[in-house]
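2 protein chains.
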Amino acid sequence: MNLANKLNKILAGDLQAAARLMRGIDDEVPDAIELLESIYLHTGRAYIVGVTGAPGAGKSTLLGSLIPVFRREKMKVGVVAIDPTSPFSGGAILGDRVRMQSQGVDKDIFIRSLASRGWKGGLSRATLNTIHVMDAMGKDIIFVESVGSGQGDIDIARVADTAIVVLTPGMGDEIQIMKAGILEVADIFVINKTDRDGAETLRNGLEGMLEMKTYLPDEWRPGIILTEAISGKGIEELAREVLRHREFLISGTEMEKRRKERARLELMMAIESSLLTYVERIDRDYLDKLVDDLALRKTNPRSAALKVINPSTKQL
Amino acid sequence: MNLANKLNKILAGDLQAAARLMRGIDDEVPDAIELLESIYLHTGRAYIVGVTGAPGAGKSTLLGSLIPVFRREKMKVGVVAIDPTSPFSGGAILGDRVRMQSQGVDKDIFIRSLASRGWKGGLSRATLNTIHVMDAMGKDIIFVESVGSGQGDIDIARVADTAIVVLTPGMGDEIQIMKAGILEVADIFVINKTDRDGAETLRNGLEGMLEMKTYLPDEWRPGIILTEAISGKGIEELAREVLRHREFLISGTEMEKRRKERARLELMMAIESSLLTYVERIDRDYLDKLVDDLALRKTNPRSAALKVINPSTKQL
Numbered sequence: 001m002n003l004a005n006k007l008n009k010i011l012a013g014d015l016q017a018a019a020r021l022m023r024g025i026d027d028e029v030p031d032a033i034e035l036l037e038s039i040y041l042h043t044g045r046a047y048i049v050g051v052t053g054a055p056g057a058g059k060s061t062l063l064g065s066l067i068p069v070f071r072r073e074k075m076k077v078g079v080v081a082i083d084p085t086s087p088f089s090g091g092a093i094l095g096d097r098v099r100m101q102s103q104g105v106d107k108d109i110f111i112r113s114l115a116s117r118g119w120k121g122g123l124s125r126a127t128l129n130t131i132h133v134m135d136a137m138g139k140d141i142i143f144v145e146s147v148g149s150g151q152g153d154i155d156i157a158r159v160a161d162t163a164i165v166v167l168t169p170g171m172g173d174e175i176q177i178m179k180a181g182i183l184e185v186a187d188i189f190v191i192n193k194t195d196r197d198g199a200e201t202l203r204n205g206l207e208g209m210l211e212m213k214t215y216l217p218d219e220w221r222p223g224i225i226l227t228e229a230i231s232g233k234g235i236e237e238l239a240r241e242v243l244r245h246r247e248f249l250i251s252g253t254e255m256e257k258r259r260k261e262r263a264r265l266e267l268m269m270a271i272e273s274s275l276l277t278y279v280e281r282i283d284r285d286y287l288d289k290l291v292d293d294l295a296l297r298k299t300n301p302r303s304a305a306l307k308v309i310n311p312s313t314k315q316l
Numbered sequence: 001m002n003l004a005n006k007l008n009k010i011l012a013g014d015l016q017a018a019a020r021l022m023r024g025i026d027d028e029v030p031d032a033i034e035l036l037e038s039i040y041l042h043t044g045r046a047y048i049v050g051v052t053g054a055p056g057a058g059k060s061t062l063l064g065s066l067i068p069v070f071r072r073e074k075m076k077v078g079v080v081a082i083d084p085t086s087p088f089s090g091g092a093i094l095g096d097r098v099r100m101q102s103q104g105v106d107k108d109i110f111i112r113s114l115a116s117r118g119w120k121g122g123l124s125r126a127t128l129n130t131i132h133v134m135d136a137m138g139k140d141i142i143f144v145e146s147v148g149s150g151q152g153d154i155d156i157a158r159v160a161d162t163a164i165v166v167l168t169p170g171m172g173d174e175i176q177i178m179k180a181g182i183l184e185v186a187d188i189f190v191i192n193k194t195d196r197d198g199a200e201t202l203r204n205g206l207e208g209m210l211e212m213k214t215y216l217p218d219e220w221r222p223g224i225i226l227t228e229a230i231s232g233k234g235i236e237e238l239a240r241e242v243l244r245h246r247e248f249l250i251s252g253t254e255m256e257k258r259r260k261e262r263a264r265l266e267l268m269m270a271i272e273s274s275l276l277t278y279v280e281r282i283d284r285d286y287l288d289k290l291v292d293d294l295a296l297r298k299t300n301p302r303s304a305a306l307k308v309i310n311p312s313t314k315q316l
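Chains as they are written, first to last, in our numbering: chain R, 1 to 316; chain G, 1 to 316.
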């Protein structure tokens, strides 16, 4: 099957073709990389929602309740799980819920877990590539579920159109928020498991922190939604808040700004990765020759490095 | 003063010129970088001894006793301290000892602490550059004092001609040795503070581990020296062991191998640093243009990155 055929299958939402491509990307098969490049040109339509929170905050259960709300609106859904503790790894929770809703497996929900593949935390090329494939498949909304642990999450939030931060009472979340700088990147705060003690304390602390920040008149001010994912309390409200934030982004220049930010991030990641490949491909014999020259003090490390890098001095 | 004059001053061992150059390198003054490149061609004569051990192992006190032994042989000495807990930061201990020996300040001992300048552990360009300046100044032996904490030390040992690992009884050192892989890189083991309980246990454990390793007939087998740095016990023996190791290196091909290894390490560090500089210098307007193209899906991240990197596509 040629490239155009494969591309068309993915654009038509074919699950098997998409799964095959994702495996190919993981294994760095040249054909897959080439297909991915074509696919990128057909992306940018899906709405991307980052869902970040500590392990055990109930992110998966929350998504399991939230997704059916969007499915009722006929929106096609993708889920990328990069939390290694997520039950999505097996697809269990969501699978069960979806079955409950639709009396069968819902083909318009595509779930992929990136948790087990050498996960190091934070944003990876694999995450972005998976988002692109789901986007090209025609998913209207893509949820990216990640652990709340520092710098990595801030990156996820940069990539998302809407960044949801999930907190739970009694987990020392206030300190976490301050530490991770998550206050700066969250568009919506969810206080989940509000049946637990301390939900009000957490809400008050969060509101206090939000009040310390000054917002411009046309700036988005993060809301706080209280949920109980298992009973479904607050879930409709959360879905409305996501759509309200999307309206906010589209009505102004913010959406364009976020998309450019994401493009810049991807460009810098691609440059970094290409430079690494470049170094790995430097001719070993040429390096050995330079090492000999250095050991004999015929040159110095900086000049030798520039010879390797600067192609006007030495073609590679 | 022109470059040749500055170079000659340093080659003549001028302390002020050397200190000025080191400050210039730290501040990335272009003249200083240029001078450093000239200096490199005059290096490779000094003998480099790495002294590694946990904070509190007594490395500085040990050096304070060891250095006078080499000074009595009229060897000129350099010390680079990259242990942030080293008393060399103020030069106190060594200064006192040297005064005791020579009834005045000894101008043939040059000490520089790199501990306070954004120290991150392990080997840095600053360490290597400082070694090069001292080498060019005509120091016969340069001691590099570093903390014993994992990968960083293994790098220090790669750069040293003789790697001394300093252990003390009752600090759980056996486990440290196994963990850090220091057994593989140490040329000489020192058990310091042998007046403490557990010195014999530590020696037995260490000997046991050394016996598990098989050595080729012409391979160096690390010795174990017991010292009490404060009383001076074992210090002469340690100095002899360093010189014996130097003889071993020179008599075979090992010295050349180590020097090449060091040159290779410096080359790779210089390539990495040049690539970073290269990325930092990419034209911002050109990047902005590519980001716009990406946001509009006129190109994909990988192709855009290759445009930036590959000079046949786009000259920078």
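Among the hints, erroneous ones may be present.
The list treats identical chains as interchangeable, and a pair is accepted whether it falls inside one copy or across any two copies.
To be verified - With a cut-off of at most 27 Å between alpha-carbon atoms, the simulated DSSO-like pairs for lysine-lysine come out as follows:
#1 298 x 233
#2 213 x 76
#3 289 x 233
#4 298 x 76
#5 213 x 289
#6 307 x 257
#7 74 x 213
#8 260 x 213
#9 298 x 107
#10 289 x 107
Keep in mind the hints are simulated off the structure, nothing from the lab.
Hint-by-hint comparison with the structure:
Proximity of residue 298 and residue 233 under a CA criterion of 27 Å is satisfied in neither setting, with 74 Å inside one chain copy and 44 Å between copies. Proximity of residue 213 to residue 76 under the C-alpha cut-off of 27 Å is found in neither arrangement, the shortest distances being 36 Å within a copy and 60 Å between copies. When the C-alpha separation of residue 289 and residue 233 is checked against a cutoff of 27 Å, the pair qualifies neither within a copy, at 69 Å, nor between copies, at 46 Å. In the homo-oligomer, the alpha carbons of residue 298 and residue 76 lie at most 27 Å apart only across protomers (25 Å), although the nearest pairing inside one protomer, at 64 Å, exceeds that limit.
For a Cα distance limit of 27 Å, the shortest separation of residue 213 from residue 289 qualifies neither inside one copy, at 58 Å, nor across copies, at 33 Å. Taking the closest pair of Cα atoms, residue 307 and residue 257 come within 27 Å of each other only across two copies (23 Å); inside a single copy the shortest separation is 39 Å, beyond that limit. In this homomeric assembly, residue 74 and residue 213 never come within 27 Å of each other (Cα to Cα): the closest approach is 37 Å inside a single copy and 66 Å across copies. Taking the shortest alpha-carbon separations for residue 260 and residue 213, only the intra-copy value of 25 Å comes in at or below 27 Å, while the best inter-copy value is 57 Å.
Taking the closest pair of Cα atoms, residue 298 and residue 107 never come within 27 Å of each other, the shortest separation being 66 Å inside a single copy and 31 Å across copies. Taking the shortest Cα distances, residue 289 and residue 107 never come within 27 Å of each other, neither inside one copy (58 Å) nor across copies (39 Å).
Checked against the numbered hints listed earlier, the structure breaks hints 1, 2, 3, 5, 7, 9, 10; every other hint is satisfied.
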